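If you number the sequence shown the way the working numbering does, the last residue is 305 and the count never jumps.
Hints listed in this document are in silico derivations from the structure and should not be mistaken for laboratory results.
One thing to keep in mind: the hints can contain errors.
[As the list claims (entries may be wrong)] Calculated pairs, DSSO-like style, for lysine-lysine (alpha carbon to alpha carbon, straight line, at most 27 Å):
#, residue 1, residue 2
1, Lys183, Lys280
2, Lys183, Lys196
3, Lys192, Lys180
4, Lys217, Lys262
5, Lys247, Lys266
6, Lys254, Lys196
7, Lys219, Lys253
8, Lys200, Lys180
9, Lys253, Lys196
10, Lys280, Lys196
11, Lys192, Lys277
12, Lys298, Lys266
13, Lys183, Lys247
14, Lys298, Lys277
15, Lys247, Lys196
16, Lys217, Lys247
17, Lys234, Lys180
18, Lys183, Lys253
19, Lys219, Lys254
20, Lys266, Lys253
21, Lys266, Lys219
[Claimed, not checked] Here are the simulated distance ranges between beta carbons:
#, residue 1, residue 2, range
22, Glu197, Thr220, 14 to 20 Å
23, Lys196, Tyr244, 31 to 37 Å
24, Lys250, Leu282, 27 to 33 Å
Keep in mind the model is a prediction, meaning the values are calculated, not measured.
Cβ coordinates follow ideal geometry from the N, Cα and C atoms, glycine included.
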Amino acid sequence: MKLLKLILIFSGVLTIHASFGQKALKWENDFETAKHIAKEFDKPMILLFSGSDWCKPCIKLKTYILESDEFIDYSSKFVLYNADFPYRIKQSKALKKQNEELAEKYNPKGEFPKVVYIDKDGKPLGSTGLIDCSPADYIQKIEEILQP
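Produce the entire structure from the sequences given, and follow the hints as far as they go.
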């Protein structure tokens, strides 16, 4: 019994330690807040349209590009907002409405995944989707879009 307790405690400590070493993106959960932050800090925004629980290309983009250490480090230049359209994950009516309004304005064709780059005032600068490339190449593509 004592051995079992020790094993459980040790595995818990390892899990906690491992989670502290991981980097993560900071996605805003309210678009108005995200716009306010973008204006306050004079940063462009990344607006991601995704279907987090059904869209395989969205999941691939998230896994291989957006969650890479290289992209996470790069993303500090932006304010991030994920307009998610899940099938199984529950969302509030207000969040659904907000994301639908954003889709009407920035993604009227309903493309998934779609990553829209907008300036601090909400003006679209360009967009990408899933590109079969490395995180470094994806970042280079973003830089090309953002060049004046």
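Now the hints, each set against the structure:
{"no.": "1", "hint": "Lys183 / Lys280", "verdict": "holds, 22 Å"}
{"no.": "2", "hint": "Lys183 / Lys196", "verdict": "holds, 17 Å"}
{"no.": "3", "hint": "Lys192 / Lys180", "verdict": "holds, 24 Å"}
{"no.": "4", "hint": "Lys217 / Lys262", "verdict": "holds, 25 Å"}
{"no.": "5", "hint": "Lys247 / Lys266", "verdict": "holds, 24 Å"}
{"no.": "6", "hint": "Lys254 / Lys196", "verdict": "holds, 23 Å"}
{"no.": "7", "hint": "Lys219 / Lys253", "verdict": "holds, 21 Å"}
{"no.": "8", "hint": "Lys200 / Lys180", "verdict": "holds, 21 Å"}
{"no.": "9", "hint": "Lys253 / Lys196", "verdict": "holds, 24 Å"}
{"no.": "10", "hint": "Lys280 / Lys196", "verdict": "holds, 12 Å"}
{"no.": "11", "hint": "Lys192 / Lys277", "verdict": "holds, 7 Å"}
{"no.": "12", "hint": "Lys298 / Lys266", "verdict": "holds, 22 Å"}
{"no.": "13", "hint": "Lys183 / Lys247", "verdict": "holds, 20 Å"}
{"no.": "14", "hint": "Lys298 / Lys277", "verdict": "holds, 20 Å"}
{"no.": "15", "hint": "Lys247 / Lys196", "verdict": "violated, 30 Å"}
{"no.": "16", "hint": "Lys217 / Lys247", "verdict": "holds, 22 Å"}
{"no.": "17", "hint": "Lys234 / Lys180", "verdict": "holds, 15 Å"}
{"no.": "18", "hint": "Lys183 / Lys253", "verdict": "holds, 20 Å"}
{"no.": "19", "hint": "Lys219 / Lys254", "verdict": "holds, 23 Å"}
{"no.": "20", "hint": "Lys266 / Lys253", "verdict": "holds, 17 Å"}
{"no.": "21", "hint": "Lys266 / Lys219", "verdict": "holds, 21 Å"}
{"no.": "22", "hint": "Glu197 / Thr220: 14 to 20 Å", "verdict": "violated, 31 Å"}
{"no.": "23", "hint": "Lys196 / Tyr244: 31 to 37 Å", "verdict": "holds, 33 Å"}
{"no.": "24", "hint": "Lys250 / Leu282: 27 to 33 Å", "verdict": "holds, 30 Å"}
Hints 15 and 22 from the earlier list are contradicted by this structure; the remaining hints agree with it.
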